[in-house]
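Between the sequences and the hints, there should be enough to build the whole structure, so can you do that?
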Amino acid sequence: FAQPVPGDDIFFMFVQVTLRNSDGELVTYMESEKLFDVDKKIISDSLDHFSSSMEIPIFELNDKKFQVFIIESVTEFDSSTMFANAYYNVTIGDRTYSAARFQFDGFLTSPGDEVTAVWTIARLV
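Just so you know, my numbering puts 117 at position 117 of the sequence shown, and the rest follows in order with no gaps.
These are calculated hints, taken from the structure and not from any lab test.
A few of these clues could be false.
[To be verified] Pairwise CB distance ranges, derived in the manner of DEER restraints:
hint	residue 1	residue 2	range
1	Lys-34	Glu-72	18 to 24 Å
2	Ala-84	Thr-120	17 to 23 Å
3	Val-27	Ile-58	32 to 38 Å
Remember, it's a predicted structure, so these values are computed and weren't measured experimentally.
Glycine is no exception: its CB is placed at the ideal position from the N, C-alpha and C atoms.
Put into structure tokens, the structure is as follows:
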């Protein structure tokens, strides 16, 4: 019998990225489901960790049960730089792994600018 592959329960990933200047004004908004270097095993393990420490609701659609996870990360810039990737990173012990990457045409940031990446991940239960 075939064994399920870890991470095959993840059926949808989506990321939204916003850049706000130091005054809090919206400068850029991007969204995509086109991701690179996706490691579903690491992502699935991170979702298991979230599920063990908080209650994640279960939804049903077309006889499929699933959970939706929304993970937000914020990066504030202290110098001018080019920003062209958003990463979904998972820390296990003292190591950090990149579990998914959203690559886009870069934009320049200035000191005080803030990027927020909101990752939406749905998996079957």
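Now for the hints, and whether the structure bears them out:
1. Lys-34 <-> Glu-72: 18 to 24 Å: Between Lys-34 and Glu-72, where Cβ atoms are some 20 Å apart, the hint holds.
2. Ala-84 <-> Thr-120: 17 to 23 Å: For Ala-84 and Thr-120 the Cβ distance comes to about 21 Å; the hint holds.
3. Val-27 <-> Ile-58: 32 to 38 Å: At roughly 37 Å between Cβ atoms, Ile-58 and Val-27 fall inside 32 to 38 Å, so the hint holds.
Every hint, counting from the list given before, is met by this structure.
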